[in-house]
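K.L.:
The lines below spell out each chain.
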Amino acid sequence: MLAFTLRRLASVVPVLFGVSILVFLMVHLTPGDPVRLLLGEDAEPADVERLRAAYGFDRPLPVQYLLWLQRALTGDFGISIRHQEPVLTLIAGHIGATVELAVASLVVAVLLGIPLGVLAAVRRNGPVDLACLVIALVGVSMPNFWLGMVLLAYLAVEIDLLPIAGRGPPLLDALGELLRTGRPGALLDAVRFLLLPAVALGTAVMAVVMRLTRSNLVEALGEDYIRTARAKGVSEWNVVYRHALRNSLLAVVTVVGLSFGALLGGAVVTETVFSWPGLGRLLVDAIRQRNFPVVQAGVLLVAFLFVLVNLLVDLSYAWLDPRIRYD
Amino acid sequence: MKKVLVALALLGAIVFLLTRGPIDVDDDRTRLRIGSTAEVSSLDPRVATDGASFERIYTMIEPLITYDTSLELQPRLATAWERAEDGMSLTFELREGVQFHHGRPFTSEDVRYTFEWILDPENRAQNRPLYTNIETIETPDDHTVIFRLNAPNAFLVNNLARMPIVPADRGEDDDFGRNPVGTGPFEFVSLRRDDRMVVRAFEDYWGGRSNIDELVFRAIPEDGARLLAFEAGELDLFQRDVVYREIARLDEDDRYVFEQTMGTGYLYVAFNVDVEPLGDPRVRRALAHLVDREGFVDRVLEGVGTPGISMITPGTRWHNAEVERFPYDPARARELLAEAGVEDGIRLRLHTNENPARVQLAEVLQASIAQAGVNLDIRIEEFGAYLDRIQATDDYDIIIGGWLGQLDPDRAMYRQFHRDGSANYMNYRNDRVSELLDRGRSLDPESDEALRTYFEAQEIIVREAPMAFVNYNLEVGVRHPQVEGWRVHPYSAATYQDLHRARIAR
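If you read the sequences in order, they're chains A and B. Just so we're aligned, residue 1 is where the first sequence starts under our numbering, counting upward by one. Just so we're aligned, residue 328 is where the second sequence starts under our numbering, counting upward by one.
Hints were generated in silico from the structure; no laboratory data involved. C-beta: ideal position from N, C-alpha, C; glycine also. Treat the hints with caution; some may be incorrect.
[What the hints assert, rightly or not] Derived coverage of chain A by chain B (criterion: at least 3 residues anywhere in the stretch with Cβ under 8 Å from a Cβ of chain B; other residues may be distant):
no., stretch
1, 48-58
2, 75-88
3, 105-117
4, 225-237
5, 294-307
[Claimed, not checked] Heads up, incomplete: computed chain B residues facing chain A, CB under 7 Å, no partners named:
no., residue
6, V374
7, G378
8, A379
9, R451
10, G504
11, E541
12, R545
13, A552
14, A556
15, A559
16, V602
17, G668
18, A712
19, D715
20, D747
21, N751
[What the hints assert, rightly or not] Label-pair ranges, simulated between beta-carbon atoms:
no., chain 1, residue 1, chain 2, residue 2, range
22, B, R626, A, R288, 43 to 51 Å
23, B, E629, A, P143, 43 to 51 Å
24, B, P448, A, R288, 52 to 60 Å
25, B, D531, A, T89, 52 to 60 Å
26, A, L22, B, R572, 24 to 32 Å
27, A, R288, B, D671, 38 to 46 Å
28, A, A262, B, E651, 41 to 49 Å
29, B, D704, A, R288, 44 to 52 Å
30, A, Y154, B, V686, 54 to 62 Å
31, A, R288, B, D469, 54 to 62 Å
32, B, E629, A, L66, 47 to 55 Å
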């Protein structure tokens with residue numbers, strides 16, 4: 001297990017290296033110059049040249065890459081051209097919001113997806129199953145930006161239940177305050193702001209989780225050991241939850257894990273619709289402004305998290321299914 | 328059944344708790360919540376270039392002089408200013424008894440520090456070109472500053488009016504851009520990027536403590552979402568980018584106050600005169616007659632704009648109302664093209680960026696110009712690529728672009744229309760115009776001669792039509808009626824500089 005983990009961690013290095021080269025080439029070969037974008041339509045040519053030189057953009061691309069790599073290896077990801085502040089400070093200010101949103105979406109997906117999937121499997125081919133199928137189909141096919149706007153239009157504007165845009169206090173801070181002072185105000189605010197984006201982002205994953213749970217559970221419920229369990233007189237609840245569901249969850253965990261990676265990088269649209277102050281918005285702005293240092297460090301971080309989550313998913317298999325061993 | 332009831336009760340409790348009402352009203356501080364169209368780049372005025380940053384900076388850090396809502400210069404940190412007879416120096420008398428937020432008195436040394444920092448090429452000051460006419464800065468005493476110039480520039484005072492003064496003892500802080508200090512009516516509290524920024528009333532403000540205790544700026548870049556947040560009562564006011572289609576509705580609704588005023592910018596179609604047949608003024612004039620300005624303002628801008636005449640905003644004293652007009656007139660355009668010997672079916676390229684108004688203008692133009700036998704190929708580029716093209720190459724025939732912040736005739740004409748102007752994308756070279764623009768800088772801006780000089784330059788440029796002026800921008804904004812004492816500002820960056828005098832009616 002330890003050897004496997006270490007081997008997998010080592011494989012992260014070439015992946016990140018490859019990602020960094022690809023991102024570097026993509027941002028530098030796209031037309032558009034960060035300094036011109038900064039100074040706008042009335043830039044003085046002399047100032048464009050002066051600032052380009054100050055940032056080293058006048059050097060050949062391979063030199064620029066090596067210089068960047070050299071500094072990055074020592075943990076220095078440079079200064080954001082637009083903000084004139086360290087890239088890591090900027091990313092640190094945004095990553096929390098993105099992780100919070102991704103986790104919340106998965107919580108929504110799992111809390112709704114698994115029970116509905118179980119319900120559909122237990123009552124399969126009945127009206128409940130059909131209703132769940134419709135929910136799943138709609139959930140999967142609806143683009144999340146559209147769902148986001150519909151949710152906003154009804155829940156935030158029409159009946160004015162929840163806030164329209166932005167983020168409340170960070171969830172962890174709010175939890176901290178609840179534990180420290182016993183006052184739930186901050187936590188409630190945090191959840192109020194989080195709810196709609198989490199539902200909008202989590203619905204598609206919820207639909208997949210629901211369908212996977214259903215099909216795997218249906219399969220498991222047909223197995224011999226289930227019949228044996230029932231013959232022993234195990235209650236139906238225990239049959240479904242203790243015996244069948246646990247064996248059906250492997251695929252669900254895979255999907256949830258992979259989705260987490262995708263949500264980290266793919267929450268961009270939802271973050272825009274809900275003005276959520278996450279990494280996606282920082283990156284989209286950075287790409288638009290050709291803010292190379294931010295794009296490079298940001299994409300690298302997302303890639304790293306993605307690989308890390310995949311590793312965790314692999315490791316969790318052994319826990320869910322004791323027959324799986326890594327050596 | 329019991330389980331279902333418990334679940335429903337729980338759900339009800341959660342909904343009740345979550346919908347108890349908006350946040351930030353848990354105390355009795357007065358507070359204005361302001362929508363921003365973009366997140367700040369930096370709160371350091373020396374390195375920021377965007378309006379969204381300056382909107383917020385001006386609430387905390389003050390310049391020597393400011394523009395009021397009639398675009399007249401008003402004293403701020405300076406109480407008086409004077410231009411020397413020969414135009415080679417500018418003297419400012421500074422206000423006494425002004426404190427920075429960190430408790431130190433403001434002196435002439437801070438003014439010198441700010442501008443010397445900007446002029447030092449080692450520093451990455453993005454606004455440096457505005458100040459390169461400054462040769463040296465003298466501070467004979469704590470409350471006098473003299474700027475000595477290397478060449479007359481009568482309009483330098485307008486550029487000085489834009490730059491907030493940074494305290495010399497804090498300006499080198501690494502985090503000044505996200506934890507700034509100034510002399511303004513509000514002091515910095517916190518910034519969570521892409522989310523919200525808070526400033527609070529500065530107790531020792533020289534102009535008297537603010538009526539409003541706190542300002543909360545929220546960055547909501549989606550125009551639709553920002554307006555929804557305003558209508559839902561999550562924002563109290565904002566200026567810029569009110570969704571055009573919603574303006575008529577907002578204007579009629581008593582729950583909101585919509586306001587608009589003439590802005591400081593315009594949209595243009597520019598012709599590269601080095602490309603044949605655009606070198607011939609008759610061809611450019613023909614194309615100028617094919618721009619349906621009224622139609623564009625009514626149908627595309629939904630009335631948020633006024634038809635363009637020249638590069639100078641109507642209603643300001645520099646605007647020459649007597650310049651030639653180019654009404655939409657395809658017949659006249661065909662005559663002019665025939666005179667110039669342009670054959671039917673020539674092709675020209677039109678480049679612009681993905682800004683929706685510019686793209687729609689390109690399409691409207693393509694249709695109207697086709698009637699005169701000229702085919703336009705529209706090339707839409709991403710903004711970065713478009714800037715590369717117009718600034719670093721000469722590879723374009725016609726472009727659509729815009730200018731903002733045209734606060735004086737020098738700023739509105741020199742860079743764009745002088746033969747050596749840095750933003751003369753048309754490659755327009757008219758000796759008389761260049762001479763007039765050079766002369767304008769050495770004249771007293773209050774004199775009749777200055778007025779005549781810029782009137783003549785305007786007249787020539789409009790007649791020769793290196794550029795067709797499509798529309799002037801309007802500045803738009805909304806507020807709730809209980810917010811009193813704030814008006815939409817023609818120069819949008821300065822719109823919140825006097826919010827300390829606003830009031831919230833009970």
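K.L.:
For this structure, which hints from the list above don't hold up?
P.N.:
3, 4, 5, 7, 8, 11, 16, 17, 20, 21, 22, 23, 24, 25, 26, 28, 29, 30 and 31
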